[in-house]
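Which chain is which? The protein sequence lines are G and S, in order.
Read in order, the letters of the first sequence correspond to residues 551 to 1005 in the numbering used here.
Read in order, the letters of the second sequence correspond to residues 551 to 1005 in the numbering used here.
Note that these hints are calculated values from the structure, not bench results.
Some hints could be false.
Heads up, the list lumps identical chains together, so a pair's fine if it works in one copy or across two of them.
Below, in silico cross-link-like pairs of lysine-lysine (DSBU-like), each with a Cα-Cα straight-line distance of 35 Å or less [unchecked claim]:
id, residue 1, residue 2
1, K845, K564
2, K898, K564
3, K874, K895
4, K658, K895
5, K895, K937
6, K612, K898
7, K824, K720
8, K898, K794
9, K722, K824
10, K874, K805
11, K929, K589
12, K564, K578
13, K894, K612
14, K898, K874
15, K874, K824
16, K865, K909
17, K990, K627
18, K937, K975
19, K720, K826
20, K898, K632
21, K874, K817
22, K632, K865
23, K794, K909
If you're wondering where the values come from, they're calculated on a predicted model, not measured in any experiment.
Listed here are the chains, written in short residue letters.
There are 2 protein chains.
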Amino acid sequence: MIFTVNLMYEEITKFIDDTQDDAIDALKKLVRIPTVAAKGEHLQETADIVEKMLQDSGLETKQHPITGGAPVVTGWKDVGAKRTLMFYDHYDVQPAEPFDLWDSPPFKPEIRDGRLWGRGVADNKGDTTSRIWVLKAFKETGNDLPVNIKFVVEGEEEIGSIHLPEYIDKNKDFLKADGGIWEFGGADINGIQEAWLGLKGVFFVELEVVRLSRDVHSSLACTLPSAAYRLIWALNSLKGMDSKILIEGFYDGIKPLTEVELEALEKIDLNEEKMKEEFAVDEYLNGLTGQELKKAYYGEPTCNICGITTGYQGKGSMTVLPAKATVKIDFRLVEGMHPNDVHKKLRKHLDSLEFTDVKVIYFEGYPAAKTPVDHPFVKIVNAANIKTHGHDLVIHPTSPGSGPLYLFNEFVPMVSVGCSDFLGKAHSPNESISLENFRKAQHRVVAIIDEMSRW
Amino acid sequence: MIFTVNLMYEEITKFIDDTQDDAIDALKKLVRIPTVAAKGEHLQETADIVEKMLQDSGLETKQHPITGGAPVVTGWKDVGAKRTLMFYDHYDVQPAEPFDLWDSPPFKPEIRDGRLWGRGVADNKGDTTSRIWVLKAFKETGNDLPVNIKFVVEGEEEIGSIHLPEYIDKNKDFLKADGGIWEFGGADINGIQEAWLGLKGVFFVELEVVRLSRDVHSSLACTLPSAAYRLIWALNSLKGMDSKILIEGFYDGIKPLTEVELEALEKIDLNEEKMKEEFAVDEYLNGLTGQELKKAYYGEPTCNICGITTGYQGKGSMTVLPAKATVKIDFRLVEGMHPNDVHKKLRKHLDSLEFTDVKVIYFEGYPAAKTPVDHPFVKIVNAANIKTHGHDLVIHPTSPGSGPLYLFNEFVPMVSVGCSDFLGKAHSPNESISLENFRKAQHRVVAIIDEMSRW
């Protein structure tokens, strides 16, 4: 049995190595389409290509049309195996602006220095392609899949997966699987492969204060109310200088990191010194370091100002009392918190301090989700990584970032491993992936399928 | 004597009435030049025209070149009289943007509904023209001036008179006069003529906080410092929710309003209800009303946010932890305060609260200045107004706004009366003056000269 399995692995990874030029071409073809969800561009066109790729790899497919949104493409192959592996990917990309900061055009993929450069190669057209290519390798080499396969590829991830819940609601049965690979992942600053087991939730709001009919001359600040200062006082009331969030009950119900997670944290190197240099900070928030820093990184919610808009922002001086002031805030939520609950507490907090003039505009929100560190599927992915990359994965109990993982996690434990790395610059100009990482990420998917067949 | 004087007044005001079309043409010629100091445009051209107007009215003139700035134009006629009357005006204007909000082009002056529309008609090319036209009337009617005349017309008032101190320093003797008419003034919301006897000082700064090498993903707010929140906490420390400024010693040395000023305040109608409607407020700051509202308006310093810039300000959500946050603040200063002193106290305040990461960038500053309410020159201007407009002036001990009055007030008591009115929209689109106000403002200058000759 072992002998057979290894033969399959060798044969499929050899096919992958032999056809890397074709795999890269397939990826390049996807990258050439500027599938910018924020602009609503080329979504159907890209969905069609992804569906074709899935079909060419031997999967049955379906497009789920979304009213006013991008279709969700699904693919599946039910081989009657005990276990089912799911992939969650997305075919849309971030806007590529500012174009002039790119060394080569974002939608003309180019290979330089062993890397492929272009918008979406790291997030997440590279992973989408690499995962489908593995299925193609099974098909082309005539190897039967030892697990059932499911793909969910959406087209609105970069705009907050706004219509994904609509798809999920109607297709809960399809989401059931024994393990899933989430869209992102890769190597850390030292080249060590990482796995992310969760995503924080988010509660994104705009606070708006309007106190006058129009901007007026600032000399009238002696007698008229200031929208800007009302906003300052409200924001000050939300968070103390020690960064503790002061909304009553904000921390209630939070599930603390488990013993297993705390143990996992101890194995993680956050590269404190290197990252301090990168961000030009003398120290982390409140002087945090070591395990305490990690506990904040993985386990703490935040209340962060993303942007403030009020009054005159040009050069020099202009003496104006602005009528209006707004702030965009994102709260990162950890397990045990819900955006609707935080919304209510925020409103109550503002009202209790007589900030009834501060309007709360809800933008988006969803809860956190995590796959347990000690879940068998995590062990499978780690075993696969040892086989392909020669080392244990760095296991992050969660990313400090957010994503709609909660939509899936109810049905399937998800792990994020992928072909990106520290240099990938997802969401920024000069996005790229290492072609070696791209190739070995395909090997790892083969190994995961292999390991999973023996679970 | 009385008979002679009245004959002169009648003759000169008749000339003014008969030549209003020419006076308006002279003003239109000035308005056609877009003398936007902020853009450094057409300054010399306008200075030359103003100098020519002064010469045509029988004054000797001089242009004082300013290195890197607009020339100061002076004009004078020394008739050996006991009293000297000064005028301070400026030939520059505010930018006219946004152009599309103008009903007729800002630099193509147009008469509609008894008003002249165009950038600068109210601030202050109208007053400049009206005052020079009076001198022309004396000359053309062959009437000897009964007082000596001085004009100081600068070209940078709308950019904070940045080079005026340089001129003043070199020409202190020229500034000596018995009374002066400041550049702005006019009628209130009820059509009653007002006089402003002072201007508050100003201390304009930008506070800047930079805490990271670049904007980063907001998920890192759990471990990295927030420039925006540092700024919020610093701003919160400057002013309490009761609008009291919390900088230690900020109010020290302030000269309270005098008994005479407080009496003057009682005669003023701030049109509380009308203005509340205008600004769409339910009540004034801290519920102030009546004499208490007036005491704040005329006697209180301010700490006002003119604008805040940080992070993402576009539509929708973007989750970013901004590296930098800045705020523009104007402090209005009352008598007894000095910007350099406030600057020191602000720095000390921030340091004492460990806001050493908050940089203070000094933009401009100067102290307040006032002409005493009971100064004889004020009585002269009021007597002139009774003669021309039939009522006592509303005497404002100071404007809540700021201007470089302190540069003059050491040498000459200044009063602001002019040809503008509540509808004038200085600094905004659709700036205009009433032609009747323009004509009667000329009459009033004749009457001031007349009254002054008997002082």
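Okay, the hints, checked on the actual structure:
no.: 1; hint: K845 x K564; verdict: neither (42 Å within a copy, 86 Å between copies)
no.: 2; hint: K898 x K564; verdict: neither (61 Å within a copy, 70 Å between copies)
no.: 3; hint: K874 x K895; verdict: both (24 Å within a copy, 29 Å between copies)
no.: 4; hint: K658 x K895; verdict: neither (48 Å within a copy, 56 Å between copies)
no.: 5; hint: K895 x K937; verdict: neither (48 Å within a copy, 65 Å between copies)
no.: 6; hint: K612 x K898; verdict: neither (45 Å within a copy, 67 Å between copies)
no.: 7; hint: K824 x K720; verdict: neither (46 Å within a copy, 58 Å between copies)
no.: 8; hint: K898 x K794; verdict: both (18 Å within a copy, 26 Å between copies)
no.: 9; hint: K722 x K824; verdict: neither (43 Å within a copy, 61 Å between copies)
no.: 10; hint: K874 x K805; verdict: between (38 Å within a copy, 33 Å between copies)
no.: 11; hint: K929 x K589; verdict: neither (40 Å within a copy, 67 Å between copies)
no.: 12; hint: K564 x K578; verdict: within (22 Å within a copy, 85 Å between copies)
no.: 13; hint: K894 x K612; verdict: neither (39 Å within a copy, 69 Å between copies)
no.: 14; hint: K898 x K874; verdict: both (22 Å within a copy, 30 Å between copies)
no.: 15; hint: K874 x K824; verdict: between (41 Å within a copy, 21 Å between copies)
no.: 16; hint: K865 x K909; verdict: both (29 Å within a copy, 17 Å between copies)
no.: 17; hint: K990 x K627; verdict: within (23 Å within a copy, 91 Å between copies)
no.: 18; hint: K937 x K975; verdict: within (27 Å within a copy, 76 Å between copies)
no.: 19; hint: K720 x K826; verdict: neither (46 Å within a copy, 54 Å between copies)
no.: 20; hint: K898 x K632; verdict: neither (50 Å within a copy, 71 Å between copies)
no.: 21; hint: K874 x K817; verdict: between (48 Å within a copy, 33 Å between copies)
no.: 22; hint: K632 x K865; verdict: neither (66 Å within a copy, 47 Å between copies)
no.: 23; hint: K794 x K909; verdict: both (22 Å within a copy, 25 Å between copies)
Hints 1, 2, 4, 5, 6, 7, 9, 11, 13, 19, 20, 22, counting from the list given before, are not met by this structure.
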